[in-house]
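K.L.:
Take a look at the letters that make up each chain.
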Amino acid sequence: MLVRPSEQIIPIKRDLRSRLIAWGAGCLGVSLLTTVLGDPKTGIDFIQHYCAECHRPPKPKAKLDLTAYRSLDRIITDALEWDQHLARVREADMPPDDEDVTQPSDEERADFIVWLETSLREAACNDGMTPGPPMIRRLNRSEYSASVRHLLDIHFDAGEALPSDGAGGEGFDNAAETLFISPIHAEKYLEAAQTAVEYGFGDTRSNQRFLIAQPDDKTSPQEAAATILDQFLPRAFRRPVTDDERAEYNQLFETIYQAESSFAVALKLTLSAVLVSPKFLFIVETPNEQSEPVPITDHELATRLAYFLWGSSPDDELLALAAKDHLHEPDILEEQVKRMLGKRHSRKVHNFAQVFVEQWLGTRALGREFRPDKSIKGYDSELEGGMKYEPVFFFHEILTKNRPLLDIIDADYTYANRRLARHYRIKGEFREQPKRVDIDDQPHRGGLLNMAAILAISSHPQRTSPVLRGKWILETLIGEPPPPPPPNVPELEEDSTSTVSLSLRERLEIHRENPTCATCHDRIDPLGFSLENYDVLGRWREEDDGHPIDASATLPDGTEFEGPEELKQLLLERKDQIVRHLTKKMLGYALARGLTYEDYCSVENIVEDLREQGYESHALLMGIINSVPFRYKAGTDPRAGVQ
Amino acid sequence: MSLQRFTLSRRRLLQGAGAALALPWLEAMSKGQANAASSKGPTRLGVLFMPNGVREDSWTPEGEGQSFELSKTLTPLESFREQILVPTNLWNQASNIGDGHYVKTSGFLTCQTISKSLGFDINSNGISMDQIAATRTAGQTPLPSLELAINPVSIGVDTNVGYTRVYGSHIAWSRPTRPLAREINPKLVFERLFRAAYPQSSNSQHDSLLLDRVLGDARQLKKQVGYEDGSRIDDYLESVRSLEKRVEQASKPEGRSWQPAVDMDPLTKPEGVPGEHEEHVRLMLDMIALAFQTDTTRVCTFMFGNAVSNTNFSFLDGVSGGHHSLSHHERKEENLAQYQLIAQWHVEQYAYLLNKLRSMPEGESNVLENSMILFGSGLRDGNKHSPRNLPLVLAGSAGGRIQTGRHVTYDRNTPLSNLYRSMLAAFGTPVSAFADSDGELPGILS
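These protein sequence lines map, in sequence, to chains D and F.
This note's numbering puts the first sequence at residues 1 to 643.
This note's numbering puts the second sequence at residues 644 to 1089.
Keep in mind the hints are simulated off the structure, nothing from the lab.
Among these hints, one or two may not hold up.
What the hints assert, rightly or not - Cβ-to-Cβ under 10 Å is the rule here; a few derived chain F residues that face chain D: (1) T703; (2) P704; (3) P819; (4) H849; (5) Q863; (6) S885; (7) T954.
Keep in mind it's a predicted model, so treat the numbers as computed, not measured.
Note that beta-carbon positions come from the ideal geometry of N, C-alpha and C, so glycine has one too.
Work out the full structure, taking the sequences as your base and the hints as a guide.
P.N.:
This is the structure in structure tokens:
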């Protein structure tokens, strides 16, 4: 039963500040925010006392003189820099852990962080919203594959042999900042393009897609090639091509045709060149020479939309609307978004759901970073598939059926294949392909936290870990990652092979007697304890290794709760925080970059809309698509906002 | 038998190549009376990186100089006593900061401190020593260097410590802002080596035309977006240009500075990524041996795992659990024993590669003798995450330039970068300064 300390019964009105500190705010033990709410002087004092101790003339450390920052206004003038400084303080990088450096107390540090975050965010909103610079990034591996598939209508993975991409920003592998180019790339793209084009030529179905002309009595090879290129180039470059560009590719065809006298050879090579061109491989938005932000062009909008909702190139309909400059019109845009989410494009939206969900939730680790120990029985590839796809199909439904985002916390449906259904002891007819299943009558399922994939990746290979599960909830669902353990503190002694027969829980409790550990683990562990009824692979259990499962827990504020259902109740009370975190993640994914403070104002607006619209998923998608950072690109003044 | 006789296209050739699980390259087709005997083989540089450190008390050999006794973890190297050098007390000062793993992985070969970043301002602040060697010998072999690994780039960003996991997935940096992509599929490595070693000159003219067009487009884009924003476009331009150069050289194969003793046998192409970790590792090591033997490249780095790798080693008798978890042994014997077994398994794989290289004759010597193969980790003990007294072994004498067969204990906290300077000197690419190095390691070079 959910029991609260009496003073907690009165709901706290959550303004911007209290939202920030609601649950996490690190684990630093935030003091009452008397200093924060009242007097900016305290924040300034912090800077002057702790930072300017070293960052002062005549030889400021890192050539950074902070002595001038004696008012909030002065700080706001350099908000971007302070965003960076703040990160250093938040990570406890600064002030450095050095004997000669005066250290703030944990409370002072936490108060300072909240004060500066709040001040910067409010200032960001006051300025009008500031978009990022024009997008320049290469397609990542999966976008490459999807784009080639779109162009040639081929049914194999052209990007399979490309190196894997790392992630940056909000944690996605489409982030511009981490899409590096190595010497190996040109070679791989050349090979991939030639293989793909060869395949496309050999397949009658895919011929129809791009081989729209053939030389004959009335058509010269050059004319046929020109017809094909007229269609192919704008599709590949996702914009109209100039006469010069058209001429350049026709010239390439001509040169090879002169040497080889073969239409097929010359055309294959020309089309391959298009696929190796950076104009195809990179999304490059035109620069904005003005100082103020300007809207992105309709073609740029088509491209952003397509890679956001499909992970692939814009189709002909989007490009046609862009060519007429109609795409940005609100009614048309909303209609197009609905079309893009529609049944005809289900496969591409599924692709979006998969890359987003797997990276947001971390379930891509299944079968990679996470493989259960051989002592864990019952794991096989069909189960792994079922586990992996459950959250993907589930989220796909939320997106396409305009379901409330709160379904992620609790829902009366899920998706299971034959093997996963057996795993969950759900009765019925199932196949290898996951299908939707109503689970009102299933006591222990519903929502992400009861899904096997999530319970597994937040376990150790050989046993469950309340710590990792608690950390997963704080980090992935709520968006407030606990800081790493301080140096020289051993990892929690939660190994299962201890000679003393204590339950895992008892051992964790002993560990939390250490006050250094307790500040964070008092917040982390209880969340994980409530999920102890799920084993490593997410099966329900009543006991573990002879110990009956105890899924009761107490939060630092005294709230007592037990088991997954009460955990969900608690999480639902934090729904704005959870939805805000999801919004950040999805905005970062849509923008294909890490967010800055400038973007958080947009995030707040979207969350506000979501609250008004019952958290329906389309409000999130449309909120992102209509946001300033999605629709505008910055000019030469990076601080100029859109009013 | 010579490859010139094959008339099939190279792709057909590669597709047709059948199963080959860790076939001994000894059986690779011999070129017969090649020029190998006439001159000494070229020097190769290889680095095998192991994540998560070692059990401290089972690593360091007993005894100094030539009379040393291998530690438990190093026992797989028994038959290589005369070919190895074990340096003790080297440290990587620049990675003694930041966090437990990322700094110590990306900084392993640069000896610089990475910038804390989720990606936007990613910076290793240095060039890795293998890339210094590769850049300065570029053009002498079809590929300047080869970057291999077992795991794909780790997923996501580590918000706990504020680093993108890109950092934990790379040791080779050709520029401070450019980690090099690694290949993890042995089949693709084989195909790449094959393409590089035996380019089809009939294709090269077409490829050149195609690449010219691509370069033209890259230049247009670069002009459009301006200098600063174009850096990734620049990287691509550079990538295309170097491929074009290689394509051009394909039409004159006599341009190779060294004619290797053997050809690659397309029948030995691996099938793909095997499910078993050990088999996967061995196939990748086979690719290193093949690349070195055929002189397709002279520089190669390999990552047994990414930083914080929790590869499940329960396939080893006596081990149950993940690598990283066990590396946090809490000084408990039961964990330490498993942790030691995992490190020893890595040393066994190292010995497997050394054995392979030693069995490849080259002139009057063998490929191992002409190589320097470094094995090591970016931290010593997984519980402490300290980059002091790093576990390192160097094998091969770089054609007699390095005095092997010894355990050398240096002064406490001797820079790791000093070893790298000695290695670069032995490779024939000496540098006058490198990171925090204050000189070459004394007594290494003969």
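K.L.:
Work down the list of hints and note, for each, if the structure agrees.
P.N.:
Tested hints:
Contact between F/T703 and chain D, as hinted, is not supported at the beta carbon level, the nearest pair being about 23 Å apart and thus beyond 10 Å. A distance limit of 10 Å between C-beta atoms decides the matter here; for F/P704 the minimum to chain D is near 28 Å, and the interface restraint is violated. Given the 10 Å rule on beta carbons, the hint for F/P819 is violated: about 12 Å separates it from the nearest Cβ of chain D. Annotation: interface hint on F/H849 holds; nearest CB of chain D at approximately 5 Å, less than 10 Å.
At about 8 Å, the closest approach between the beta carbon of F/Q863 and any beta carbon in chain D falls short of 10 Å, and the interface hint on this residue holds. With its C-beta approaching chain D no nearer than about 6 Å, F/S885 sits inside the 10 Å limit, and its interface hint holds. At about 8 Å, the closest approach between the beta carbon of F/T954 and any beta carbon in chain D falls short of 10 Å, and the interface hint on this residue holds.
Checked against the numbered hints given earlier, this structure breaks hints 1, 2, 3; the rest are met.
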